[in-house]
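Undergrad: Since chain A is already given, all that's left is putting chain B on it; use the hints.
2 protein chains.
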Amino acid sequence: MEEINSIVSAKKGKIDVTPIATLFRNEVKESVPANMPKPRIVAYLTTDDQGAIDYAKWTKIACNKDGIEFILKKIERVDLEDAIIDANNDDSVHGIMVYYPVFGGMLDAYLQDVVRPDKDVEGMSTTNRFNLYHNIRFLDEKKTKKCVLPCTPLAMVKIIDHLGIYDKSLPFGEHLKGKVVTVVNRSEIVGRPLAAMLANDGAFVYSIDLNGVICFQAGKRQGTIKMSETTVSKEEAIQKSDILILGVPSPKYKVDSALIRDGTVVINFAGCLNVDESVDSKCIMVPAIGKVTIAMLERNLMRLYNNQMQSYTGGAVASTSTATTEAQQ
Amino acid sequence: MEEINSIVSAKKGKIDVTPIATLFRNEVKESVPANMPKPRIVAYLTTDDQGAIDYAKWTKIACNKDGIEFILKKIERVDLEDAIIDANNDDSVHGIMVYYPVFGGMLDAYLQDVVRPDKDVEGMSTTNRFNLYHNIRFLDEKKTKKCVLPCTPLAMVKIIDHLGIYDKSLPFGEHLKGKVVTVVNRSEIVGRPLAAMLANDGAFVYSIDLNGVICFQAGKRQGTIKMSETTVSKEEAIQKSDILILGVPSPKYKVDSALIRDGTVVINFAGCLNVDESVDSKCIMVPAIGKVTIAMLERNLMRLYNNQMQSYTGGAVASTSTATTEAQQ
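Heads up: the sequence lines are chains A and B, in that order. For the record, in the first sequence the residue sitting at position 230 is 333 according to the numbering used here, with numbers rising by one throughout. For the record, in the second sequence the residue sitting at position 98 is 201 according to the numbering used here, with numbers rising by one throughout.
Just so you know, the hints here were simulated from the structure itself, not pulled from any lab data. Mixed in with the good hints there might be a few duds.
Just so you know, same-sequence chains aren't split out, so a pair can sit in one copy or run between any two.
30 Å max Cα-Cα, derived DSSO-like pairs, lysine-lysine [as the list claims (entries may be wrong)]:
no.	residue 1	residue 2
1	K280	K355
2	K271	K394
3	K323	K245
4	K329	K176
5	K177	K323
For clarity, every value in this text was computed on a predicted model and none was experimentally measured.
Okay, chain A solo, but in the shape it has when bound (with noise of 0.2 Å):
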């Protein structure tokens, strides 16, 4: 606890991701092999949302600067599913992700179990979340092909070790214990796999949605999780925490700045901001947090690529230089 507050008051104010995007996009950078088939990630978008839009946009920008063809495909969402069936079989590309939502509610659910597992670089399918929540590394029996997480919680993990909050000073896997940790989402693709990470790293983490409170803390078994029901009320579990995460994707949901105590560690990832801004005052704000995401999204794709490759060519290509990280082991 003291810990953390000293780091805030080190680095009070609002904080701007892009060194922390900028070291892992430099690192995809180095690992992109010359004389190889380019890394390739298709993308479908099915609407006209001019958010979705501009974050390709940006996307694209980027990997297309670390040595990745980011190829986007504008469809209808009718032939989405068929779509990503013959990217599926396509051995050019390596990753594919779509702009949700296509229909809403679990036909999506669905369609994110369409893309095969080995090219889900959104780390959203099923198989990926499963392997996550009971610490299974790889996809395969042989343990060739590793998994990967979700880019934004993992996005989420990257900012928090380095804005120094892990204490490496403790075993590995108990990097955040005795911190409280509140994440104001439990959808399956950020907010429930962040709790899980944050939990397997050793806090003990308040998930909140609008059916209520759930805890997740480490299992009994290294890798696993344990989740509980509570008592404590949604401000309450705010009041208590070290860091709080916010992904209420509604401008109107705004976070009381009162609940947040001095020092608290506030990461808003909703698109639009869920607290007053006027807390930089007296927390470490991170805002907006979707460059690391990117970076993430890159980082996934190259773990794949080195995957397919390795099935290719019986492991000749060397793996991707990123160290040893918390999240990924």
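TA: Showing chain B alone in chain A's frame:
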């Protein structure tokens, strides 16, 4: 069309599906082997919802009468995933079911996929649904383990078949050719699989939910489904329909009876009635389908049981005696 009208005038009024359920339950009863481990379903209940408790009770009574062991386990929702994994690994359990909602939303979709596809007696896992949409009949490459179809939509296909609406003089896969169906519900566990199954049998299907209308029809390759957009409104779709299937889980939702043509087959699976009862004066009206759904659950269980027993005995167990059907050939 004329054919449907003639059937409807012969059977106009409210239809009790008990005889259809009995037919399938008798088949199941005869197929349970005498000197073998008893077929076993484990069902998990996480709520105090009286509807779910009652439904579990009826299912248990039916299963026990037909030679199937049905074990209902009350469990905390936070412990459900571990319990499912234990049941996945327990050779004495042949089928696993869960009463939803548990957490609600996408987390429930995740839990559906924690159930191993070869024990997924309700046919709710992404694997079994993907296989349905893509005409894949077996879970394994050796083609020894047959897939199952989701119970509730399967029950409706069987009811429509037993009402005499399938035209068996037409080639297989076209028995519903020329028929227009509207399904008011596009959930991943009932409405969409049902739309696909009816399209697969030759029908033109309007699939309606809060977001609008989508059409389903047979794809070019046999067994595949083509989705398409439409400008037809919900009301127009209902007016055009030979068969109208209602599944909105709210008593407030009522289709205007004036939209429904004389002679339409109306099937209501919502738990509450989505149309005024008086439509039975001009239609075949199936107000509830639960008994046939339970029969399909038993039928699916026997398929999974035989799949599993085959693995142990190398195929020595006779397959169930159920005849070739529209939906499962």
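Undergrad: At 30 Å max between alpha carbons, let me know whether K329 reaches K176 within a copy, between copies, both or neither.
TA: The answer is between: 20 Å across copies meets 30 Å, while 40 Å in one copy does not.
Undergrad: At most 30 Å between C-alpha atoms: does K177 with K323 qualify within a copy, between copies, both, or neither?
TA: between (46 Å within a copy, 23 Å between copies)
Undergrad: Tell me, please, which holds for K271 and K394 at an alpha-carbon limit of 30 Å: within, between, both or neither?
TA: within (25 Å within a copy, 59 Å between copies)
Undergrad: Is it within, between, both, or neither for K323 and K245, if the alpha carbons may be no more than 30 Å apart?
TA: within (26 Å within a copy, 38 Å between copies)
Undergrad: For the identical chains here, do K280 and K355 meet the 30 Å Cα criterion within one copy, between copies, both, or neither?
TA: neither (33 Å within a copy, 50 Å between copies)
Checked against the numbered hints given earlier, the structure breaks only hint 1 and satisfies all the rest.
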